[in-house]
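Engineer: Spelled out, the chains give:
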Amino acid sequence: MYKVKLAMLVCCVVCCCRAYAQDDSLTTHTLKNFTVYGTHLDFNVPGKQKIDVQDYFKNAMQVSEVVRFFSGVNMKDYGGIGGLKTVSVRGLGANHTAVNLDGVALNDCQTGQIDFGKLSLANVDYISMLNANSETDIFKSARLFSAANTLQVHTHVPQFREGKPCNVSVGVKIASATTINPSFLIEGRLSRMWSASLCAEYLYSKGNYKYIMHYGGADDSTSVERRVNGDVSAFTAVLNLFYNDSSNRFHFKAYDYSARNGLPGATILYNLEASQRLNNDMFFLQGKYEHHFKHNISYKCVLKANYAHTEYIDTTFWNSEGGLDNHYQQRELYLSNVLLYAHPKQWQISLSNDVVYNNMSLNMKDFPLPHRLTVYTDLATAYHCKWWRVQANILHTYVYDVTQLDDVRTHYSQWSPAVNMEFRLLPKEKLTFSVGYQYVFRLPSFNDLYYTNVGNRSLKPETLHQVVGTLAWVKSIHLKLPYFRIAVSGYYHKVRDKIVAIPTRNLFLWGMYNYGKVNIAGLDANVDMQVTAARWLRIDMSLNYAYQRAVDVTSPDSKTYRHQIPYTPRHSGNARAVFHTTWFALHYTLQIVGGRYRLGQNIPQNYMQPYFDHSVGVSRDFHIKQTLLSVGVDVLNLANKNYEIVANFPVQGLSWRVNVTFKW
Amino acid sequence: MKKLVFKLSVVAIAMSVLVSCDPDKKKDNALFNNGILVLCEGVYQQNNSTISYYDLDSDLAYPDVFYDKNNRYLGDNANHMIAYGNKLYIAVDNSNLIDVVDMTTGKSLSQISFNNKTFEGVTVGNPRQLTTYKGKVYASCYTGHVVRIDTASLNIDKIAKVGANPEGLVAVNGKLYVCNSGGLNPDYQYDSTLSVVDVNTMQEESRITVCVNPAKIAAGDNGYVYLVSYGNYADIASCFQKINTNTNTVEKVYEGIVASNFCISGNYAYVYGVDWSNYPDVQSFVKVVDLVSDVETGDFIKDGTTIKTAYAIMVDPNTQDVYISDALNNATNGDVYCFDKNGKKRFSFEAGINPNTIIRVNQK
Chain G
1 MYKVKLAMLV CCVVCCCRAY AQDDSLTTHT LKNFTVYGTH LDFNVPGKQK IDVQDYFKNA
61 MQVSEVVRFF SGVNMKDYGG IGGLKTVSVR GLGANHTAVN LDGVALNDCQ TGQIDFGKLS
121 LANVDYISML NANSETDIFK SARLFSAANT LQVHTHVPQF REGKPCNVSV GVKIASATTI
181 NPSFLIEGRL SRMWSASLCA EYLYSKGNYK YIMHYGGADD STSVERRVNG DVSAFTAVLN
241 LFYNDSSNRF HFKAYDYSAR NGLPGATILY NLEASQRLNN DMFFLQGKYE HHFKHNISYK
301 CVLKANYAHT EYIDTTFWNS EGGLDNHYQQ RELYLSNVLL YAHPKQWQIS LSNDVVYNNM
361 SLNMKDFPLP HRLTVYTDLA TAYHCKWWRV QANILHTYVY DVTQLDDVRT HYSQWSPAVN
421 MEFRLLPKEK LTFSVGYQYV FRLPSFNDLY YTNVGNRSLK PETLHQVVGT LAWVKSIHLK
481 LPYFRIAVSG YYHKVRDKIV AIPTRNLFLW GMYNYGKVNI AGLDANVDMQ VTAARWLRID
541 MSLNYAYQRA VDVTSPDSKT YRHQIPYTPR HSGNARAVFH TTWFALHYTL QIVGGRYRLG
601 QNIPQNYMQP YFDHSVGVSR DFHIKQTLLS VGVDVLNLAN KNYEIVANFP VQGLSWRVNV
661 TFKW
Chain L
1 MKKLVFKLSV VAIAMSVLVS CDPDKKKDNA LFNNGILVLC EGVYQQNNST ISYYDLDSDL
61 AYPDVFYDKN NRYLGDNANH MIAYGNKLYI AVDNSNLIDV VDMTTGKSLS QISFNNKTFE
121 GVTVGNPRQL TTYKGKVYAS CYTGHVVRID TASLNIDKIA KVGANPEGLV AVNGKLYVCN
181 SGGLNPDYQY DSTLSVVDVN TMQEESRITV CVNPAKIAAG DNGYVYLVSY GNYADIASCF
241 QKINTNTNTV EKVYEGIVAS NFCISGNYAY VYGVDWSNYP DVQSFVKVVD LVSDVETGDF
301 IKDGTTIKTA YAIMVDPNTQ DVYISDALNN ATNGDVYCFD KNGKKRFSFE AGINPNTIIR
361 VNQK
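As you go down the protein sequences, you meet chains G and L in turn.
The first sequence: position 637 = 637 (the numbering used here), numbered continuously.
The second sequence: position 213 = 213 (the numbering used here), numbered continuously.
One chain only, chain G, in its complex shape:
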């Protein structure tokens, strides 16, 4: 197994280099008739990061646990398994990060943000993140060009060994705070071309973990409390259907998510009661079809239909009806067409068009029932030669909103260009420098525009100019250090017309305004390496550091002028390592987040303490005839600190989890 992996790695490095320039003269190993089981590493893009879930996060349960290890990501985590988890990438708001599942965009038209706590990690192979459209692959939907950052979740594609057309995997994860997470996966080869997989999982947690409540003061009086109303009951089922032949590819997915959760709420001093409930249901069907014509022309089509229902219940809302019970429904229909011409040697051009229809309804008087049609059209081209390559695209976005209640029609149309260039700096080294510019904007969400008494229909999109420069070096240094990659990115973002919620008329009633201006200068540095320390020990590790100076430049008269924006640490970093030994694998992760402020004014009262989170895990695979039994144990948050990512939402302290998976 060890040899296979090493060879696979070398193979990938060679592939990477080949993809980059045909005549690369890196250490060559001639490989013939070699079968690689596993996914290939595509680390030739300087602006791309990737985390292999099976390597590093075998025992994890939610996508959010992985995403926070990307460099430049700040996870806004409201604590516990059920809490809302959104990301801020490089100091930008959550709406600037697009998420796609197997190449098809996930969307929440109500809020414009994806809750990573809802996404199951079962059957996920790897997650990658792309900043500033720096990808070389231009054979993608127009919509995927529209965001400043993209997180890509890749589902496991079934692979079958000779004579075994069916794989079954049954697993259960048990964790503290009465958490249990059984999962089931079946993969079948239906014919030479067709295969399918069905993955189902259920997650239950009481979420009643202990934490320390602080009351402040010189002697800081404290009490030990248990989190209330943090229960989670979530069911996810995903059906995948794959077709593959020499010129056609098809992938169909049906996804169902259903959750009945408590909302644990902020830990309010002297009042820890919470009784709000949140029920979420999401169902979507997506199909992706690719056809490779003769004459180097490829075509891709995506179709998706999405329905989501959210119910928010508050039994202690002191209104005349004795509580609050809001139902939100949203729907999406999505069609994407992409045409690519790839000249065999040097350049590619693609034209893509996406049409998205959204609507939303809510059981509240005066909610205008908005419908939105968005048309994205993108022209992209990429050219590469021995010493440099360039990728440029221009995206046109057209938005047409109609409100059903009062028939107000609004149009918006905008061009947004992006260009990215990469240069090889040395003839024999894979040392590259890339520089990119992107103009993007985020559309106001339905809540921003139409939410009764809060929404503001005159909102403009929030705009963003970003400039990024990245220096990257990849090398197979030695047999003991077969893979080494270092990348340093510096970036500058200018956010204008930032959509912010501001109290209008009184503190009860907040409204949305295009008010904020934010300048962000930052630096991301990451090192990934593989060390073959001994025949029995291989170490994979990754170190990330991020510096973010994100300042509010809205108004010189304000007390927050040139202050760091909330929840954005100047310094943060993380490290993760896996020690693969012949007997077991040892995982270690470290998350360090520096001091930051919970509100816009950078004063001591608003300061939030830095935190560390160390976690370790051990896993071992037992091969029993044709079956595989994997057992893993994680010990999380070793320092046992109930640190707060979001103020007054303490996270779980020292906790454990056990994972047992049986595959045959």
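Quick caveat, the hints were computed from the structure, so don't treat them as lab data.
Some clues are possibly wrong.
To give an idea of the chain L side of the interface with chain G (calculated C-beta under 10 angstroms), a few residues [said to hold, decoys possible]: (1) N48; (2) D64; (3) G75; (4) D76; (5) N115; (6) T118; (7) G125; (8) N126; (9) T143; (10) G144; (11) D191; (12) N330; (13) A331.
These numbers come from a predicted model, not from an experiment.
Glycine included, every Cβ here is placed at the ideal spot set by N, Cα and C.
Dock chain L against chain G, hints included.
Structural biologist: Leaving out everything else, chain L in the frame of chain G:
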């Protein structure tokens, strides 16, 4: 690290008033002899309600005397504060309690909590506003009640059922006048009544129909009760009204005054309102209303000082100085301005976030 934060905050205190002195010595001086107490509600769910104190003798501002004296935070969303019988009563809405503080020592005497309790069989809580009458303290609770607190035992001795989401309340001639805001009614259909409650029986006796969304109420020396209704934030504007307590009817609606809150001093009412129409250039106006002639006499501020988001007002009964707080953008520390009776700024100081109540203390 706590110590570091503490030290940093002390440094910030010193810097904020640009006076160098020994920090520890300064902290001990913060007794409420002659100064201004400002309740700052903070930001919802941030647990950062504070009580700022400005010492008129030394001209020093103390960001949080409650924290200094009690070694703990006040709570979340403290909404109102009154001084009565050498005690401070603080309605801490989201912490669901009323904190009672000894004004001589600054120490909390009791937290009258509504958590996990029922009174006379019903759930009562989320205290909003306070008033006093004949040895008792009355608090409106967002659950639709008024509670009566015995100031000797500091216990709730009786509750009254009123309308939806009561806010301001005042007692005149043995009757409580309680603003039923209906702030949480479905579809923003606010209430528009005052409940009249007998202070002895704590029974609601009648209702008075007023402008929509009544919120702030106070009694004049002339026996009338004055009231601000916020309106519905859409097509119905806020208004300032006069209520005859003999007939229990609205006797006058003052036309053309944008009203958020007011304070009565002698024959004058100082009514402020916030103009949001040129957002983000928000500006507040303070109008003086002559309560004898019932005529608005124009802007109070004469020296061109601009207040963005006025959030509380208080008139010093002795000097007639007018204190107005400015909550700015509602998420940063606010400022408190002191004007002389002619509307000229005397001084200002920084308070905490959302300064909603100003009290003059003089215990010399």
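Engineer: Against each hint, give a clear statement of whether it holds in the structure.
Structural biologist: Hints versus structure:
1. N48: This hint holds: N48(L) lies near chain G, its Cβ roughly 7 angstroms from the closest one there, short of 10 angstroms.
2. D64: holds, 8 angstroms
3. G75: holds, 5 angstroms
4. D76: holds, 5 angstroms
5. N115: Holds - the Cβ of N115(L) comes within 10 angstroms of chain G, reaching about 6 angstroms at its closest.
6. T118: violated, 13 angstroms
7. G125: Where the cut-off is 10 angstroms and the nearest Cβ of chain G is about 8 angstroms from G125(L), the hint holds.
8. N126: holds, 7 angstroms
9. T143: Nearest chain G Cβ about 5 angstroms off; hint holds.
10. G144: Holds, because the Cβ-Cβ distance from G144(L) to chain G comes to roughly 6 angstroms (cut-off 10 angstroms).
11. D191: Holds, because the Cβ-Cβ distance from D191(L) to chain G comes to roughly 9 angstroms (cut-off 10 angstroms).
12. N330: Holds - the Cβ of N330(L) comes within 10 angstroms of chain G, reaching about 4 angstroms at its closest.
13. A331: With Cβ-Cβ at 6 angstroms, under 10 angstroms, it holds.
Hint compliance for this structure: hint 6 is the single one not met.
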